[in-house]
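Let's have the full structure, built from the sequences with the hints guiding it.
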Amino acid sequence: MLYRDYFPLLKHHPEIIYLDNAATSQKPESVINEIVHYYEEHNGSPHRGAHILSVRSTEIYERGRDAVRDFIHANRSEEIIFTRNATESLNLIAYGYVMHEIKSHQNIVLSITNHHSNILPFQQLKHLGFELRYLYCDETGQFLDSELDKIDENTFLVSLPIISNGIGVIHDVKSVFDKADAVGAIKLLDAAQGVGHMEVDVQALNADLLVFSGHKMFGPQGIGVLYGRYELLDTFHPFLTGGDMIEYVTEQTSSFAPLPERLEAGTQNVEGVLGLTKAIEFIEEIGLKNIHAVEAELTTYAYEKMKSDDAIEIYGPTELNHRGALITFNLKEVHPHDVASILDSHHIAIRAGHHCCQPLMHHLNLQSTCRVSFSVFNTRDDIDKLYNAINEVKKVFYE
Amino acid sequence: MLYRDYFPLLKHHPEIIYLDNAATSQKPESVINEIVHYYEEHNGSPHRGAHILSVRSTEIYERGRDAVRDFIHANRSEEIIFTRNATESLNLIAYGYVMHEIKSHQNIVLSITNHHSNILPFQQLKHLGFELRYLYCDETGQFLDSELDKIDENTFLVSLPIISNGIGVIHDVKSVFDKADAVGAIKLLDAAQGVGHMEVDVQALNADLLVFSGHKMFGPQGIGVLYGRYELLDTFHPFLTGGDMIEYVTEQTSSFAPLPERLEAGTQNVEGVLGLTKAIEFIEEIGLKNIHAVEAELTTYAYEKMKSDDAIEIYGPTELNHRGALITFNLKEVHPHDVASILDSHHIAIRAGHHCCQPLMHHLNLQSTCRVSFSVFNTRDDIDKLYNAINEVKKVFYE
Amino acid sequence: MNSIYSELILEHNKSKHNKRELDHPDHVERGHNPNCGDDLTLQLIVKDNIIVDAGYIGSGCAISQASMSIMIDMVKGETVAFAKEKADIFFRMIRGESLTEEELESLEDAIAFESLNRMPARAKCGTLGWHCLEESLK
Amino acid sequence: MNSIYSELILEHNKSKHNKRELDHPDHVERGHNPNCGDDLTLQLIVKDNIIVDAGYIGSGCAISQASMSIMIDMVKGETVAFAKEKADIFFRMIRGESLTEEELESLEDAIAFESLNRMPARAKCGTLGWHCLEESLK
Ligand SMILES: Cc1ncc(COP(=O)(O)O)c(C=O)c1O
Ligand SMILES: Cc1ncc(COP(=O)(O)O)c(C=O)c1O
Numbered sequence: 001m002l003y004r005d006y007f008p009l010l011k012h013h014p015e016i017i018y019l020d021n022a023a024t025s026q027k028p029e030s031v032i033n034e035i036v037h038y039y040e041e042h043n044g045s046p047h048r049g050a051h052i053l054s055v056r057s058t059e060i061y062e063r064g065r066d067a068v069r070d071f072i073h074a075n076r077s078e079e080i081i082f083t084r085n086a087t088e089s090l091n092l093i094a095y096g097y098v099m100h101e102i103k104s105h106q107n108i109v110l111s112i113t114n115h116h117s118n119i120l121p122f123q124q125l126k127h128l129g130f131e132l133r134y135l136y137c138d139e140t141g142q143f144l145d146s147e148l149d150k151i152d153e154n155t156f157l158v159s160l161p162i163i164s165n166g167i168g169v170i171h172d173v174k175s176v177f178d179k180a181d182a183v184g185a186i187k188l189l190d191a192a193q194g195v196g197h198m199e200v201d202v203q204a205l206n207a208d209l210l211v212f213s214g215h216k217m218f219g220p221q222g223i224g225v226l227y228g229r230y231e232l233l234d235t236f237h238p239f240l241t242g243g244d245m246i247e248y249v250t251e252q253t254s255s256f257a258p259l260p261e262r263l264e265a266g267t268q269n270v271e272g273v274l275g276l277t278k279a280i281e282f283i284e285e286i287g288l289k290n291i292h293a294v295e296a297e298l299t300t301y302a303y304e305k306m307k308s309d310d311a312i313e314i315y316g317p318t319e320l321n322h323r324g325a326l327i328t329f330n331l332k333e334v335h336p337h338d339v340a341s342i343l344d345s346h347h348i349a350i351r352a353g354h355h356c357c358q359p360l361m362h363h364l365n366l367q368s369t370c371r372v373s374f375s376v377f378n379t380r381d382d383i384d385k386l387y388n389a390i391n392e393v394k395k396v397f398y399e
Numbered sequence: 001m002l003y004r005d006y007f008p009l010l011k012h013h014p015e016i017i018y019l020d021n022a023a024t025s026q027k028p029e030s031v032i033n034e035i036v037h038y039y040e041e042h043n044g045s046p047h048r049g050a051h052i053l054s055v056r057s058t059e060i061y062e063r064g065r066d067a068v069r070d071f072i073h074a075n076r077s078e079e080i081i082f083t084r085n086a087t088e089s090l091n092l093i094a095y096g097y098v099m100h101e102i103k104s105h106q107n108i109v110l111s112i113t114n115h116h117s118n119i120l121p122f123q124q125l126k127h128l129g130f131e132l133r134y135l136y137c138d139e140t141g142q143f144l145d146s147e148l149d150k151i152d153e154n155t156f157l158v159s160l161p162i163i164s165n166g167i168g169v170i171h172d173v174k175s176v177f178d179k180a181d182a183v184g185a186i187k188l189l190d191a192a193q194g195v196g197h198m199e200v201d202v203q204a205l206n207a208d209l210l211v212f213s214g215h216k217m218f219g220p221q222g223i224g225v226l227y228g229r230y231e232l233l234d235t236f237h238p239f240l241t242g243g244d245m246i247e248y249v250t251e252q253t254s255s256f257a258p259l260p261e262r263l264e265a266g267t268q269n270v271e272g273v274l275g276l277t278k279a280i281e282f283i284e285e286i287g288l289k290n291i292h293a294v295e296a297e298l299t300t301y302a303y304e305k306m307k308s309d310d311a312i313e314i315y316g317p318t319e320l321n322h323r324g325a326l327i328t329f330n331l332k333e334v335h336p337h338d339v340a341s342i343l344d345s346h347h348i349a350i351r352a353g354h355h356c357c358q359p360l361m362h363h364l365n366l367q368s369t370c371r372v373s374f375s376v377f378n379t380r381d382d383i384d385k386l387y388n389a390i391n392e393v394k395k396v397f398y399e
Numbered sequence: 001m002n003s004i005y006s007e008l009i010l011e012h013n014k015s016k017h018n019k020r021e022l023d024h025p026d027h028v029e030r031g032h033n034p035n036c037g038d039d040l041t042l043q044l045i046v047k048d049n050i051i052v053d054a055g056y057i058g059s060g061c062a063i064s065q066a067s068m069s070i071m072i073d074m075v076k077g078e079t080v081a082f083a084k085e086k087a088d089i090f091f092r093m094i095r096g097e098s099l100t101e102e103e104l105e106s107l108e109d110a111i112a113f114e115s116l117n118r119m120p121a122r123a124k125c126g127t128l129g130w131h132c133l134e135e136s137l138k
Numbered sequence: 001m002n003s004i005y006s007e008l009i010l011e012h013n014k015s016k017h018n019k020r021e022l023d024h025p026d027h028v029e030r031g032h033n034p035n036c037g038d039d040l041t042l043q044l045i046v047k048d049n050i051i052v053d054a055g056y057i058g059s060g061c062a063i064s065q066a067s068m069s070i071m072i073d074m075v076k077g078e079t080v081a082f083a084k085e086k087a088d089i090f091f092r093m094i095r096g097e098s099l100t101e102e103e104l105e106s107l108e109d110a111i112a113f114e115s116l117n118r119m120p121a122r123a124k125c126g127t128l129g130w131h132c133l134e135e136s137l138k
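Protein chains in written order, with my numbering: chain A, 1 to 399; chain B, 1 to 399; chain C, 1 to 138; chain D, 1 to 138.
Hints are computed from structural coordinates only; laboratory data are not their basis.
Just to be clear, a hint being listed does not mean it is correct.
[What the hints assert, rightly or not] Restricting the straight-line Cα-Cα distance to at most 25 Å, the calculated cross-link-like pairs of lysine-lysine (BS3-like) are:
1) K47/C with K84/C
2) K332/B with K19/C
3) K150/A with K126/A
4) K126/B with K103/B
5) K47/D with K394/A
6) K332/A with K19/D
7) K126/A with K103/B
8) K394/B with K84/C
9) K394/B with K47/C
10) K84/C with K124/C
11) K395/A with K84/D
12) K394/A with K14/D
13) K84/C with K16/C
14) K395/B with K19/C
[Unchecked claim] Listed next, with one range per pair, are the computed distances between beta-carbon atoms:
15) N75/B with S30/A: 42 to 48 Å
16) Q142/B with G184/A: 35 to 41 Å
17) N388/B with A204/A: 26 to 32 Å
18) P120/C with E231/A: 45 to 51 Å
19) P120/C with N391/B: 53 to 59 Å
20) N321/A with A81/C: 58 to 64 Å
21) K289/B with E11/D: 45 to 51 Å
22) E11/D with H100/A: 37 to 43 Å
23) H362/B with E231/A: 31 to 37 Å
24) H24/D with E313/A: 34 to 40 Å
25) E251/B with S104/A: 14 to 20 Å
26) A204/A with E11/D: 54 to 60 Å
27) T253/A with K332/B: 29 to 35 Å
Ideal Cβ placement from N, Cα and C applies to all residues, glycine included.
What follows is the structure in structure tokens.
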């Protein structure tokens, strides 16, 4: 069976070449079917009722927590908090922890490669007086050694992406987190572009906090994850408050449930958790090693092909073992949105713009770029077609 | 076609009598199918890309906004903000508006019938110094006239549910909001138990802010709505921040997109919005008048039947035109959880507990109650079976 | 019918022979279950490592009260070590772990709660009294 | 091929005859599109209600630049009222509202952008220049 055949959308639309996997993934049949099955067989409100549908929904929800725990090698199920997406997970960290704990003389150190969602929640707290610092990278995405000196004894938190969605670099997380450990700073890893593409092991990565979105890893929309080391997460203040996260509520004050409920307010998204669980099963069925091999091979193939073309300017890592399964580039003299529109008319889906990385773009002196990002179902043929279509763009603009 | 036949779960499980509709609704086939169709035909990241799947996902998302606008009779699409559930909508109001605007000498007036989600977000801000007041009701759920005097010239915001999920009363929203208007307070309506059961018209209801959850009105889990009158909503500060809600981001500061994007951070849940759109279509197909007629008839039938039984104590309105489609009650001498468990063994799904209304329970001097809540697919036969099963509970405990 | 509502459990729920306030208890441990509203308090008098008297007060569902009462019958007059061992076995039964036949038998009447391992919504009711016991003897 | 990338549009995109800085413009209106990174500034000289000169600077995609340039060709030497009327018709075309044949023809070369009403992702590019014009003439 071709990997493509696991995905109904791609089976129904053989003409579509989907190269926007870093924005959102396509959904395997097993994930879609499980959602249907849930609503046709088990749908109920979790956590609340004594009746069978409520009980089953609770079980499905909590089994999903265990599945995520195992998938990212967390120690305890209570370390897994379900959110609506990586963005909400990052906001939860900012509002539920940083806001309460940071001191005005301290600083937060962010990678310049961070996605907006990993910048703005901290900017929003700047009235508290702390400093926001950035680790600058060179044009291949590597941090210069001296940059790590920005992490000092006043550093409250360090945050970076495991893979930059802006230039595709796989960061050397260890060197950054070792420095953070040396000064006792909290280590936050944005794994949105990593999960489902490579092994993400919170222990091995030495992360205190880690976030990702289900929809980028074959899961449904509307579900995200926050992982937190238990001792740390247990000091988080409630963020969203309301139903299901309380113990006792009186008119003026309330006491809160223990982890993980304390950080999950209101009726939770069981469908989303179940879809995510199935997505994890899908990844494990194919195998992260296989996924990685396919994606690395395609990335290399596409990179070499594009690099040999003088009209194409590629950004990010030149050593391909530092690169995730995505390539950002520009066609000289052509605006990336024009490239994307013309490729779309050839049924090739790519992304153009600032990729929610304006500070990075500014740092690299780029306005906007084209991005192709791969998944296990892509093939060399897809890349050949991409390249042919780029040649059509050239015809339109160069001739 | 029987209404029940619209719902695959109920078709597959003819034995299940689902009377927990106030907790979450069952999903019509059309909603489930549309979710499948979305993932099989259109799935892409909204708002970002130039390619066809992204464009279609954006269209579906924005059409959903228009559908909600029309459904609740809002003036403008920008007045509709999508959240994950009613709870998040209420938190958005607290964090995005109240936190920034309320003065320490002011007060917030809440109905004692409020759901925890409509209490805790305001409690969390109490360090700002304002006062939290409650409108007390009598045991039928009516506010005594003198209670409305708690709404005074220092009242910043008044919030109540259109229908109490705790005792089923349909509140006289007009009298409360007229008083709020007289003192210039913001009027917030929690319509979670109203939408899909009765006409909810933000103009006629004279609400400044209104919230509800998709999953309680035949929509999927993971999607909720905040409505805000444009002039008011436009003064909201960003709450969740990150991707897609910005204009320009620099290292230290950012500017934000206009409404509605400004209040929707990160990759949005298109599936949820589409499911909600289909749920609205479903409601309009059957007709709110029909739904209301069926539910009112069932509520009356059940109420009369249960009232005639001395062992059953019913709470809430005695005039049935003040009652939504739910009945809370206790079987004398039997703990509600025991009732619910035994009914479950007869395949009857009801809810027992405090229904996320501890302050109300305390006010009415109740520990916990049983709740049955109806939907359009329920029948007199369901209620007969409920009543027979209650008699079985009596046998267990009384004989 | 739901097997958990057995004669035995209903009997304990009704008789309430262990529902009484002790004079001068050594240990008073309140256990509560916010979700259900169960709120029971266990009182113990322990002398020379023997539980010489026990009783409970409060309100709760039939399962929480019967489980508390059956537990009291079982541990009253026994050593602290004995009570702790039984608590451990009981918790393992509710978690659905497999017990030896010996262990299961040693739970005596409390075996009536075995099916709670398939009723997660009610497991907390059945273990409330045992949690109070465990906390008291810590 | 995507019909929007017509000869006409590409021609304007290449020739850049309206991409120039004016001396002492009366109106300078910057239009930007954060999502794409389009950032164009329209400059106008208006005398006695006539747009006597116009030009733009900045960077943007082919569609935004061509649309700006075609617009400048159309309104230069015309009255403010004429320009406003054309802007109104153009916006209605992009929103997909139905125009009379007369209205459509009056848009001259700008008709080339009609298909943007089926390309929501690019509509903002095509209207950027016209928004600058509308703001300038307010
Ligand atoms: C009246 C009322 N308000 C708010 C809520 C909260 O809704 P959700 O849990 O979907 O956020 C509920 C239901 O749980 C409710 O009944
Ligand atoms: C690196 C990175 N972090 C965070 C996000 C935010 O994810 P979401 O939009 O699902 O919240 C994304 C994707 O948009 C991303 O690529």
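- request: Hint says 14 to 20 Å; check whether the CB-CB distance for E251/B and S104/A agrees.
  value: Check passed, 19 Å falls within 14 to 20 Å.
query: Is K126/B within 25 Å of K103/B, Cα to Cα?
result: Given that 25 Å is the threshold and the Cα spacing comes to 11 Å, the pair holds.
P120/C paired with N391/B, Cβ distance criterion 53 to 59 Å: Given about 27 Å between the Cβ atoms, the range is violated.
- prompt: So does Q142/B sit 35 to 41 Å from G184/A, Cβ to Cβ?
  reply: Check failed, 58 Å falls outside 35 to 41 Å.
query: Between K126/A and K103/B, does the CA-CA distance stay at or below 25 Å?
result: Since the Cα atoms of K126/A and K103/B sit roughly 22 Å apart, the hinted pair holds (cutoff 25 Å).
message: Range first: 26 to 32 Å. Now tell me if the beta carbons of N388/B and A204/A are that far apart.
response: 58 Å, violated
- request: With 42 to 48 Å as the target window, see if N75/B and S30/A comply at their CB atoms.
  value: 43 Å, holds
query: If you check the beta carbons of N321/A and A81/C, does the distance land in 58 to 64 Å?
result: Since N321/A and A81/C have Cβ atoms about 60 Å apart, the given range 58 to 64 Å holds.
- request: Can you let me know if the beta-carbon spacing of E11/D and H100/A is within 37 to 43 Å?
  value: The hinted range 37 to 43 Å is violated for E11/D and H100/A, with Cβ atoms some 60 Å apart.
query: Are K84/C and K124/C close enough, with their CA atoms no more than 25 Å apart?
result: Roughly 18 Å between the alpha carbons, so the hint for K84/C and K124/C holds.
message: Is 54 to 60 Å respected by the C-beta to C-beta distance linking A204/A and E11/D?
response: About 57 Å separates the Cβ atoms of A204/A and E11/D, which means 54 to 60 Å holds.
- request: Return holds or violated for the Cβ distance of T253/A and K332/B against the range 29 to 35 Å.
  value: 33 Å, holds
Hints 5, 8, 9, 11, 16, 17, 18, 19, 21, 22 from the list above are not met by this structure, while the remaining hints are.
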